[in-house]
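Visitor: Sequence:
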Amino acid sequence: MQIEAVIREYCAENDLPQPEMLQWSPLPFAGEWGISTSFFQLAAQEARRQSSASSARKPVPQRAQEIAEAIAARLGVPAGFSRVEAVKGYLNLYFSTAEFAHRTLQAVISEAANYGRGQPKGERVMVEYAQPNTHHSFHIGHFRNAILGEALARIVEFAGFETLRASYPGDIGLGVITVLWIYQKFYQGQEPQGVHERGQWLLKLYVEATQLLEEKEGETEEERARRQAYEAERREIYRRWDAGDPEIRALWLKTREWSLEELRDILRMLDIQIDVWFFESEVDEPAKKIVEELVQLGIADDERPNGPVLVRIDEKLGLKKEKYRTNIILRSDGTTLYLTKDLALAKEKFERYHVDRSIYVVDSRQSLHLQQTFKILELWGFKQAEKCFHLGYGFVSLPEGAMSARRGRLVLFKEVADEAIRRVLKEIEQKNPDLPEAERSIVAHQIGLGAMVYAMLSVDNNKDIVFVMDEALNFDGHTGPYIQNAHVRANSILKKAGGLPSQAPDFDYNLTPHEINLIDLISRFPAVVQQAADEYRPLVIANYAYDLANAFHSFYHAVPVLQSGDERVRAARLWIVASARQTLANALRLLDIAAPDVM
RNA sequence: GCCCCAGUAGCUCAAAGGAUAGAGCGAGGCUCUCCUAAGGCCGAGGUUGUGGGUUCGACUCCCGCCUGGGGCGCCA
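The opening residue of the first sequence carries number 3 in this note's numbering; numbering runs sequentially from there.
Don't read these hints as lab results, they were simulated from the structure. Don't take each hint at face value.
Distance ranges between label pairs, derived from CB positions [stated by the list, open to error]:
1. Q368 to V278: 18 to 26 Å
2. E263 to R424: 36 to 44 Å
3. K428 to E125: 43 to 51 Å
4. G396 to T337: 27 to 35 Å
5. L214 to M471: 26 to 34 Å
6. V461 to H555: 19 to 27 Å
7. E417 to L312: 40 to 48 Å
8. R424 to D462: 24 to 32 Å
9. D358 to R409: 53 to 61 Å
10. Q25 to Y511: 31 to 39 Å
11. D358 to E284: 17 to 25 Å
Using N, Cα and C, we set each Cβ at its ideal position, and we do this for glycine too.
All chains should be built: construct the whole structure from the sequences, respecting the hints.
Guide: Okay, here's the thing in structure tokens:
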């Protein structure tokens with residue numbers, strides 16, 4: 003680059019240290035585009051080189067500014083730039099406005115839904131999320147998990163990774179057996195018909211069963227005997243399930259299907275398509291084989307019959323301080339644990355699905371567990387282990403405390419979604435009564451879910467969320483509907499304009515700061531997508547979408563498009579509006595939020 | 001005891017080595033004969049938990065401490 007050569011030349015001539023690498027970044031100021039670099043490091047290096055006693059030493063910022071000025075003077079205005087300035091130690095180079103605007107918007111219009119898509123990375127990534135337990139209804143915490151995983155999957159896919167979506171439902175365990183027990187004993191054939199009613203009904207059964215099986219304070223001898231009898235029955239069902247008893251297995255599959263039907267319906271509502279289903283029950287056998295393998299490899303220690311099979315991770319890694327500790331991979335009775343199954347699952351991911359990196363969207367409380375898993379995979383020899391990533395997220399609680407099915411303190415996703423849709427319909431009645439009946443229900447779904455999804459994604463994943471209905475279903479301000487509304491407004495202008503001028507307009511007029519700010523944000527979208535994928539953080543896109551909507555609303559209010567009076571300006575602004583709409587739609591899509599045309 | 005996460009405006013949250021720490025909500029004022037007001041505009045609101053350190057420059061990195069939450073060999 004010519005400009006860097008000039009800078010190096012100046013340094014050489016003036017006995018300044020050569021800058022190792024010049025770092026250029028976009029100008030932070032609205033109003034004009036360009037790039038900038040600073041000379042603080044250079045000035046600091048120079049100061050360090052001089053003897054500290056030297057009285058000629060100037061404060062670093064002042065010296066940086068001197069260098070910037072000298073270089074600005076020497077550079078003049080290079081080709082392709084409109085002007086150059088030195089401010090507070092920074093050298094700022096400004097692009098020609100019309101050219102930059104033209105280049106940016108041309109790209110958006112021609113690439114359309116692909117604007118912002120990254121180059122193929124040549125790596126396959128699997129995102130594991132949406133893993134609720136069966137026989138238990140889908141609550142607002144599961145919703146956070148599902149939407150975080152889906153947004154992340156969309157982001158890494160758009161950024162250029164081949165992406166597989168995986169779901170890992172917990173379909174077996176004591177909780178599941180508990181439901182089978184109470185169903186068989188008291189509720190056989192009494193299930194309601196609707197998919198969601200039936201799914202939620204299983205949860206009620208679970209709560210009731212747990213109460214029946216729970217030891218109570220001051221229980222009578224009779225109560226105690228009854229509870230113990232129930233407990234024995236439950237154990238017997240578990241035993242029969244384990245032995246493959248056809249009757250119990252059939253009952254289990256039937257009730258599991260009720261849960262899965264409900265789950266699939268919710269995923270459909272959320273436009274989530276899972277590629278690979280792993281069931282916990284199916285990795286049990288492979289997991290046992292893996293234990294043997296790990297023992298033979300000397301990674302695991304078999305202490306049976308006096309103890310379990312375990313991995314002393316720190317010791318095997320040669321660590322002196324305790325960090326990953328020790329974890330058990332097989333109970334002393336020979337049954338598997340969560341960790342055992344996760345190892346089996348990882349092997350499956352690497353060997354059968356050939357994934358290069360694996361992302362686990364799992365509650366952050368399981369952080370240690372997953373770090374242990376990754377380390378054991380590493381000891382086992384899987385080099386993909388270093389590209390395993392735990393996207394932990396804080397748990398969702400209620401103002402009255404943690405969610406607890408047993409205490410009936412649970413907010414179900416479906417309840418909230420239904421309420422959201424009701425509220426949007428009320429809003430439409432008031433704000434857009436002319437909206438045709440047929441469209442209302444679709445729009446209500448889009449906006450209601452948009453509000454819910456954005457409420458989850460606009461908070462960083464590692465923060466806990468206290469779920470308050472009225473806050474999550476707010477439609478004003480920093481919300482999903484605010485962003486959707488910007489899209490609707492852009493669409494409305496384009497609809498009235500009756501199409502875009504096919505020829506790209508030149509932007510050779512005096513652009514307002516609103517226009518410049520908007521084009522600036524649009525131009526940053528591809529870089530934002532890469533950042534979100536690099537950091538595995540949907541929040542980056544959520545923030546961006548809001549900023550873009552905010553810029554569009556301001557533009558919309560202040561800058562006339564259809565009524566601009568000048569044919570040339572009108573054409574240019576239509577291109578800006580069309581690009582804003584497209585970029586908003588692309589960003590919303592990555593967040594799994596619909597971009598409606600009307601609302 | 002050890003480990004992880006958080007602490008920023010009254011409240012909920014952003015910003016993750018660079019130029020003046022930003023939004024929303026709440027409270028105050030203005031704004032619909034004009035592309036939909038789910039909007040826009042204007043003011044108020046800050047010792048970034050705390051004490052050190054590194055750096056030309058720290059909300060951001062390092063160390064100590066305080067507060068809150070979570071985790072730690074046969075739950076998932």
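Visitor: Indicate, hint by hint, whether the structure satisfies it.
Guide: Taking the hints in turn, this is what the structure says about them:
no.: 1; hint: Q368 to V278: 18 to 26 Å; result: holds (20 Å)
no.: 2; hint: E263 to R424: 36 to 44 Å; result: violated (24 Å)
no.: 3; hint: K428 to E125: 43 to 51 Å; result: holds (47 Å)
no.: 4; hint: G396 to T337: 27 to 35 Å; result: holds (31 Å)
no.: 5; hint: L214 to M471: 26 to 34 Å; result: holds (31 Å)
no.: 6; hint: V461 to H555: 19 to 27 Å; result: holds (22 Å)
no.: 7; hint: E417 to L312: 40 to 48 Å; result: holds (43 Å)
no.: 8; hint: R424 to D462: 24 to 32 Å; result: holds (30 Å)
no.: 9; hint: D358 to R409: 53 to 61 Å; result: violated (43 Å)
no.: 10; hint: Q25 to Y511: 31 to 39 Å; result: holds (34 Å)
no.: 11; hint: D358 to E284: 17 to 25 Å; result: holds (24 Å)
Comparing the model with each earlier hint shows violations of hints 2, 9; every other hint is respected.
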